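J.: Each chain, written out:
2 protein chains.
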Amino acid sequence: MNYSKTFIPTLREVPADAVIVSHRLMFRSGMIRKLTNGLFAYLPLGLRSFRKVDQIVREEMDAIGALEMKPTVMQPGELWKESGRWEAMGDAMLKVKNRLDNDFVVSPTAEEAFTAIVRDELSSYRQLPLVLYQSNTKFRDEIRPRYGVMRGREFVMKDAYSWHRDDQSLDETYQAMGRAYRRIFKRCGLTVIPVKADSGAMGGSGSEEFMVESEIGDNTLILCKNCDYAANVEKAACGTDFSFRPSPEAAGTASANIPPFEKIDTPDVRTIDELCTFLATDSKNFIKTLIYRAVNVELDLSTAPGCKNLERKKTSAEAPAVYPEAFFAVAIRGDLDVNEMKLAALVKASEVSLASDADVTRLTNAPVGFAGPVGLDTLPVIVDHTVTGMSDAVTGALAKDAHYRHVAYGRDFSGWRIADQWSADVRTVKAGDSCSLCGGELYEKKGNELGHIFKLGYKYTRSMNVSYLDENGKSQIPTMGSYGIGVDRTLASVIEEHHDEAGIIWPVSVAPYHVIIVPIKYNGEVKTAADRLVAGLEAQGIEVLLDDRDERPGVKFNDADLVGIPWRVVVGDKGLSGTKPQVEIKHRREKESRMVDLEGAVADLAGHIADELMELNRD
Amino acid sequence: MNYSKTFIPTLREVPADAVIVSHRLMFRSGMIRKLTNGLFAYLPLGLRSFRKVDQIVREEMDAIGALEMKPTVMQPGELWKESGRWEAMGDAMLKVKNRLDNDFVVSPTAEEAFTAIVRDELSSYRQLPLVLYQSNTKFRDEIRPRYGVMRGREFVMKDAYSWHRDDQSLDETYQAMGRAYRRIFKRCGLTVIPVKADSGAMGGSGSEEFMVESEIGDNTLILCKNCDYAANVEKAACGTDFSFRPSPEAAGTASANIPPFEKIDTPDVRTIDELCTFLATDSKNFIKTLIYRAVNVELDLSTAPGCKNLERKKTSAEAPAVYPEAFFAVAIRGDLDVNEMKLAALVKASEVSLASDADVTRLTNAPVGFAGPVGLDTLPVIVDHTVTGMSDAVTGALAKDAHYRHVAYGRDFSGWRIADQWSADVRTVKAGDSCSLCGGELYEKKGNELGHIFKLGYKYTRSMNVSYLDENGKSQIPTMGSYGIGVDRTLASVIEEHHDEAGIIWPVSVAPYHVIIVPIKYNGEVKTAADRLVAGLEAQGIEVLLDDRDERPGVKFNDADLVGIPWRVVVGDKGLSGTKPQVEIKHRREKESRMVDLEGAVADLAGHIADELMELNRD
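Residue numbers (the numbering used here), protein chains in the order written: chain A, 1 to 619; chain B, 1 to 619.
Heads up, some of the hints might be wrong.
Where chains are identical, the list cannot tell them apart; a pair therefore holds if satisfied intra-copy or between any two copies.
[Claimed, not checked] Mimicking BS3-like on lysine-lysine, the simulated pairs with C-alpha atoms at most 30 Å apart in a straight line are:
1. Lys225 to Lys186
2. Lys5 to Lys70
3. Lys97 to Lys574
4. Lys81 to Lys95
5. Lys400 to Lys263
6. Lys314 to Lys474
7. Lys5 to Lys459
8. Lys81 to Lys34
9. Lys5 to Lys474
10. Lys34 to Lys95
11. Lys314 to Lys81
12. Lys574 to Lys445
13. Lys34 to Lys97
14. Lys97 to Lys70
15. Lys586 to Lys527
16. Lys34 to Lys459
17. Lys186 to Lys5
18. Lys474 to Lys34
19. Lys5 to Lys527
20. Lys446 to Lys430
21. Lys70 to Lys34
22. Lys196 to Lys34
23. Lys446 to Lys186
Keep in mind that the hints were calculated from the coordinates and are not lab data.
If you're wondering where the values come from, they're calculated on a predicted model, not measured in any experiment.
Please take these sequences and the hints and turn them into a complete structure.
T.: Structure follows, in structure tokens:
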């Protein structure tokens, strides 16, 4: 392709709202333009790289037997009402009514559409497992779309869905997807951090996120310096520090020689910091007690303190009965934070949040700031593992301006026994904690999610009435998985990882062109040599951009660096004038160029490109 | 691909709403499924053929230097307000507000989005001509979506747009597009009828529609039995029958020996049919006079009868001033119909429609049914060419229950002189009329529009303020073209043209697979031979579907015919058992199969497929 025949409007300036590298470089290199906030058009150069990422995803999906389909972008609202997500998706899902008052949704994801199709076609166990996917336009109405295509409103997501007879079959596909995702990112030249949700406390639920490190990432990752443990902070398990968790009885016995707990006056002292100052001690010596309100609690609370009068209710025929509202106290070491995701999972609630001041006052019989586990019998107290080792602690005394000291776990209080355990892991892991796998030191990174694989289970197949007949002719409900990759975000992440001050440095697999040929002046002998190179390279399937513009070499070199084509070949009178005509070859990543015989240039480039592709495609 | 590993849910039954062949066969062969009215999902088999059509379009666009882009499907409403189409597009364009009260449009076409991007990047004449395109999701809210993907609500359209310095450059791209479109349809195996709008009375406006014959077509085409004249009935020019159009004076002189016109009583006779019966004569002897209401009339009416008090108004700063409303009478031979498109073009109105009864009564001073050109001076009378030869006609007498007879054009009345002509072509051409090019007999066909190329001119570049600097540094506005192809509709039309009672007969260029291999029983020697064939064919780049299902041969044959793979290879024990093992090869179009040596089967098929492709791709 001749540069003058394409449309690559490169720029020096950067729009004010382009704060991250990929956004700046995609804009400057003429890959994208903004239509309005969160809506970007790919120009020809950007589309070439976009297509390559999309095609890599497609190849890896096809390789594991997933079958591509194309449902519509506009989807019937009825399907979302069936699944129960019409309301649940919130305002990020764009809903439209047409002139006939039909409801439509601009697809933010497509569990419903795929499930509706499979529902009509699935009859026998012999059709399972079935894995279908699309790579298609999605829309999510981000309130603050930012960072270019990294967080746009419209984007392309590859979304796959699978249906299975049993957990084992689901797991096989789930594992195959995980391997395919690793290959996809590897082939794009990306370093991803696979974050397993089941690597710790949450149990083997089956969910893995593929993250890239990013300063502007939405996610905080917890990583181990010693092993390959990686978790989203929302789900990271606590380390082995508290692997010895004494029963209340054992702890109580061990605390025999601690003085009995006693009440102390702490006028106007409410926060942990104030207490530390007041008692001249460290927050690690306090037991912090927080009151949480949980909604739609599935856990059986019939024997829990203060829950006698709670009634379970059915929200739908299919769903189990739940307590619409319940309160819990959490006792945790004073320097630590409660992880609400872990707490919600523990009590099987759809959501937990700190209780209102009024609820705290009512339940603790004291103003906010004086809650403590000793004598607290109006609600279930959940004891974090960190508290089980505390035998001389300070706690709130359930009364204004009063605390207890010399409080010992097991001797003076124990929590409510939950899931057959006296204590639980509900704390937020942080940098410096020790790894739950190897005890190594944990550290934090910010990350962006590029992909997510997820065992959905029966959520959609139940609510949308999907069934098949098993070997015995009995009707069964299939279990389901869901697997997504953001194509635009993956592309932008490649630039985040591969660039320098001058511009993009494309991995050859997703480069818009493999080679850029820069004739110093595109005429005479130079033109002949450049044209011969183009023909030779294209005959080998190599994609070439020929900079035939009437511009100074400096301008052409700057554009070549900005646009980031992996291999640059400079053709000039000087190199051609020798007895053996030569051209100058340089890889975008390298500083130094080398002179190569014109004769052998095609073979030289073809060899290097094949090597780089092989390296990227290697498992 | 093994049949058992894909997802091709073929069916015997047809949904009740599938009334056309392509809809029935796409549904039965498992190519598509309905999500709701007008929204269809392509299943894996359908997507393969869809992609091939899409790719042929892409290749031909690239071949003429058009550059592919990808703007968003959801587009900012602001752009449509700028162009003036926010209101003008009507309810078929879906508008959405998000939670921040931003307006969005689900793209029905993309003149605005492309023009907005070009506006920001265009600076110099050296960038022109510029041709950009996309092949992307569109949505138009059909009130009655029907005929499967032939007239769905969501569809994929390839839409290209071009910008030019002058009409000559626009015409070059327009002609190149026309040639590309012919190649696209040829490569898909389609017989299209290119219908030029400028082939007749409408002048060289520059618009060509690519039609396929279809019983359920939206368009009526007028074709000549003798030459290649083809026109949309909306625009078809009248034939040479009235090429002699006498001036009123000449006609009046020629009518000297006709008796003077006289009033006759025609009680309760209002329609032409009633008059024919009453006077025992033919409708060809009547002058029918119809009153039309026209809106936004650009034509200068300052000297027209009854228009003295009309005032021109500006609807926007850029647009010329227009009369918001004006009335016209049209006098036409009694057996003919007025073509409202021609009339609107003649008087330069945005729309014309029959006037209300109240307006007719007010303007003709008589009840509806008694209008006539004699003495009608309350509005401009437009005389169709057909009336200029009538010298002894019957007309309404502008009074209840009264007509005139012996009316002669020129002697008793003449129309308002419009565009320097005493008469005009405003009649609807119909089968049996004579061709305006060669005088041959015209006939009608119903047609569906697959593509449309169009010289837009300055409509969008003016309203959206696009400009560039010419060689002299002077700011200029570019002229523009627009070129669309419906991808889904093209695919469905291939099936309409290529099928039989048993199913689809794919042209090899858009077939989901080139070859289907049907082992009589997929095991033992047969399996070995079938697998070897698959490997051999795939090594040649031939796409193979291997029917490895444990089904009776009859079931497999029926599915192969329904799905329409061009080449079928049957592998059975019998054929393999001879000294020279043989397989049975049959083209989907043919009744008879032939036995071919297993050895030579790959070369045989590869040769035939290459031949068919070459034939389809031949210019």
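J.: Each hint needs a verdict: does it hold in this structure or not?
T.: Going through the hints against the structure:
| no. | hint | result |
| --- | --- | --- |
| 1 | Lys225 to Lys186 | within (22 Å within a copy, 63 Å between copies) |
| 2 | Lys5 to Lys70 | between (33 Å within a copy, 18 Å between copies) |
| 3 | Lys97 to Lys574 | neither (67 Å within a copy, 61 Å between copies) |
| 4 | Lys81 to Lys95 | both (12 Å within a copy, 22 Å between copies) |
| 5 | Lys400 to Lys263 | within (12 Å within a copy, 111 Å between copies) |
| 6 | Lys314 to Lys474 | within (27 Å within a copy, 73 Å between copies) |
| 7 | Lys5 to Lys459 | between (52 Å within a copy, 26 Å between copies) |
| 8 | Lys81 to Lys34 | between (34 Å within a copy, 18 Å between copies) |
| 9 | Lys5 to Lys474 | between (64 Å within a copy, 24 Å between copies) |
| 10 | Lys34 to Lys95 | both (23 Å within a copy, 20 Å between copies) |
| 11 | Lys314 to Lys81 | within (18 Å within a copy, 48 Å between copies) |
| 12 | Lys574 to Lys445 | neither (50 Å within a copy, 67 Å between copies) |
| 13 | Lys34 to Lys97 | both (27 Å within a copy, 19 Å between copies) |
| 14 | Lys97 to Lys70 | both (23 Å within a copy, 26 Å between copies) |
| 15 | Lys586 to Lys527 | within (19 Å within a copy, 52 Å between copies) |
| 16 | Lys34 to Lys459 | between (38 Å within a copy, 23 Å between copies) |
| 17 | Lys186 to Lys5 | between (33 Å within a copy, 27 Å between copies) |
| 18 | Lys474 to Lys34 | between (55 Å within a copy, 28 Å between copies) |
| 19 | Lys5 to Lys527 | within (16 Å within a copy, 52 Å between copies) |
| 20 | Lys446 to Lys430 | within (12 Å within a copy, 72 Å between copies) |
| 21 | Lys70 to Lys34 | both (27 Å within a copy, 12 Å between copies) |
| 22 | Lys196 to Lys34 | neither (35 Å within a copy, 37 Å between copies) |
| 23 | Lys446 to Lys186 | within (20 Å within a copy, 54 Å between copies) |
Against the hints set out earlier in the document, violations occur for numbers 3, 12, 22.
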